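Protein chains in written order, with our numbering: chain A, 1 to 583; chain B, 1001 to 1187.
Calculated from the structure, these hints are not laboratory results. One should not assume that every hint holds.
As the list claims (entries may be wrong) - Below, in silico cross-link-like pairs of lysine to any residue (SDA-like), each with a Cα-Cα straight-line distance of 20 Å or less: (1) B:1034 to A:322; (2) A:375 to A:417; (3) B:1075 to A:474; (4) B:1071 to A:202; (5) A:313 to A:417; (6) B:1075 to A:543; (7) A:321 to B:1150; (8) B:1054 to A:198.
The structure displayed is predicted, hence computed values, not measured ones.
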Amino acid sequence: METLIKEAESIQKQQTQRVSGSDALLLSLIEEKVSTIFGYPGGAIMPIYDKLMDYKKQLKHILTRHEQGAVHAAQGFARVSGKTGVCFATSGPGATNLITGIADAFMDSTPIVCITGQVGSHLIGSDAFQETDVVGISMPVTKWNYQVTRADEIPEAIAKAFYIAKSGRPGPVLIDITKDAMLQDFDFAYKPCDYIRSYIPRPLIKEEQLNRAAQLINEAKKPFALIGQGVILGGAEKELLAFLEKTGMPFACTLLGLGAIPNNHPQHMGMLGMHGHAAPNIKTNDCDLLIGIGMRFDDRVTGKVSKYARQAKIIHFELDKAEINKIIKVDAYVNGNVKESLPAVTAKVIKNKHQSWIDEFKLIRRDEEKRVIQKEINPEGNKISMGEVLRIINTIVHGDAIFVTDVGQHQMIASRYFDFKNTRSWVTSGGLGTMGFGLPAAMGAQFGAPDKTVIMVAGDGGFQMTLQELGTIAYNRLPVKMIVLNNNYLGMVRQWQELFFDERYSATPISSPDFPKLASSYGIAGEMVKERTGLQAAIQRMLDFDGPYLLEVKVVNKGNVFPMIPQGAAVNEVLFGDEQAIK
Amino acid sequence: MTNIEFTNYQEYTLTIFSENSIGLLNRITINFTKRKLNIESLTVSESAIKGVFKFTIVVICNQHTVENLIKQIEKQIDVLRAFYLTQDEILHQEIALYKIETASLLDTNEIEGIIRQYNARILEMTREYTVIEKTGHKAETQELFEKLQPYGVMQFVRSGRVAITRLKKELLSNYLKKLEREHNQAV
Ligand SMILES: Cc1ncc(C[n+]2csc(CCOP(=O)(O)OP(=O)(O)O)c2C)c(N)n1
Ligand SMILES: [Mg+2]
């Protein structure tokens, strides 16, 4: 008996090892298969940075030039790789510099784990140097957060952090660790987390919900599906395709759903939303059944809610119960991961075709093609348009690239004109619309997908918000292809001023440095294009270049993105930009 | 499709069961702040199940808001379950304490009548002050407050609401068992 106990104890001993809190953190990250960390050091997190030197083989730390860069990089990394992004920051200003990215990840359901250093536990609450209540500050924008004050809490906190960030509807988690906890020694053992009793990441799908949904689908004459990022987060692209091809219904993507199914699919009717394609927006108010799949009826998608799809029955396939009936009251819903619910409902629906219904969309598409698209991608004027840059990129990469954007007109143009082909190939800030997101997110995306071509487009305004990350890109020789579409304006805001504020351009003209020259001071190659004649060749040079490259394109100053559903208008009240009232 | 209703304000009592974790109260109240909702009353205590805490929160809003609110609260990782209940679904009480100068009570002979009428009781009496206690709904404790005003109320305090449901039993223990069962099935 005694020997048995001894044996059990010695087994236990073998499984634990006496280490510091800092070691425990890094070992826990290794257990979670983390390989890349984006971060920035400072006083309160120095013990962890010190220990990083001992784990160089397993953990690659990327020093960004700002903590906002670190968190956006972690987001970009997560979005393309499907893994959880990780970033480090010190207490106080380091931690507060993460907040924008955390809020962005919260809105766009991106799994990231942020580790912040905190002052020693004996100093907490004393307004110590660089003490800030980051747990309190980040609470509204994290899925979960926790302050560790003892080393022995670290393995469990990290295990929970990764489980929560990635499971269910993903989101950001923040773990704040006091400096003394990093320095304490304790017996470390790691056990991944797969269960928290108060948390249900995978609701069991109810048969009666599936039956109700299937019945509505089978009865519909003019069904229409809205595809959101939930499909990509759930890894349910194949399941979605099977569902759509069996039912034969037309579908469109939200901004973040783009790429879930290639653009060239015959049932793909384009993008929804304020600057989406006219047909899916107009047809939302004409279908008899609207099916939201892994999307959340954001106001940029719905327009005026009281005039949204009033004629239709609505079904919502959604994992997050809190999203169901939040904005739009539905007639049926299936609460669960679409990876499971889609095959289950596919089995219950009849094989169908909706060709003449799809042709109705195509009629509108042809109108949009004439009135908007051709003018944008093959412009008549001398000035280069944003759309023609996208058209040329498409002819070279054919969708085989990861596309990252900043926020503004260029973002909407990219979402409208990039030829999406692959899932997880599109990184843009949707829910928060964070200017400054593009460059650091592209950097993270390149680390997350080292073998892919990463193309970033940014505006002259947003690029200047985080351009210090050129330093990180140069240092790491990251072959990111950066395009700055320079219109000398905060273009999207200027467009609203033109349309809704009597052309009073308050604080929207913006000056910039010579971006290629700036890049060259970082040792990054690049060039500027002002004339159409040199554009194609310049884009080709950029894409052929081995290494990072910055291409600045001077584009038309007062271009507008159309179609547009003005704020407060119904989804079918689409402006094409050639209406008399606008002119 | 029907429109979501934004009018019809009403009083709702929320009961929230949670794990006992630091900061959770903050996580719960954030959901009110975010919607600019005022918390009318708040009580927190351990429930019948050891380690499980129960929050009782009163809020005035419309049906759509409370439905969303409850789902957002239940979504918090450490929240086990959250419900909202209307007036007719619960029994509830609040307790109020009134501190009055003893001398002013001695000058009158109405005190016995008031105590009787309001079903209140005297908790403590010293030469300087007297503390009266009453349990009841807010309207009742408020009425007594007004009745006592002429005698000079030096201090007055009313507790948050405690509530028990009429319709359902506290079935949380069954729910917890079901969770464990489903988890065991899954693994
Ligand atoms: C951090 C932040 N600040 C302000 C805004 C508001 N905003 C949205 S688009 C935009 C203009 C962006 O200008 P630019 O980067 O030049 O892109 P463009 O629209 O010209 O393509 C602004 C100011 C924002 N989205 N994010
Ligand atoms: Mg601009």
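Going through the hints against the structure:
1. B:1034 to A:322: Given pair residue 1034 of chain B, residue 322 of chain A holds - Cα atoms ~15 Å apart, limit 20 Å.
2. A:375 to A:417: Holds, at about 13 Å.
3. B:1075 to A:474: 42 Å, violated
4. B:1071 to A:202: 16 Å, holds
5. A:313 to A:417: 31 Å, violated
6. B:1075 to A:543: Between residue 1075 of chain B and residue 543 of chain A the Cα gap is close to 45 Å, so the pair fails against 20 Å, i.e. violated.
7. A:321 to B:1150: 53 Å, violated
8. B:1054 to A:198: At roughly 14 Å apart (the allowed maximum being 20 Å), residue 198 of chain A and residue 1054 of chain B satisfy the hint.
In terms of the numbered hints stated before, the structure departs from hints 3, 5, 6, 7, listed from lowest to highest.
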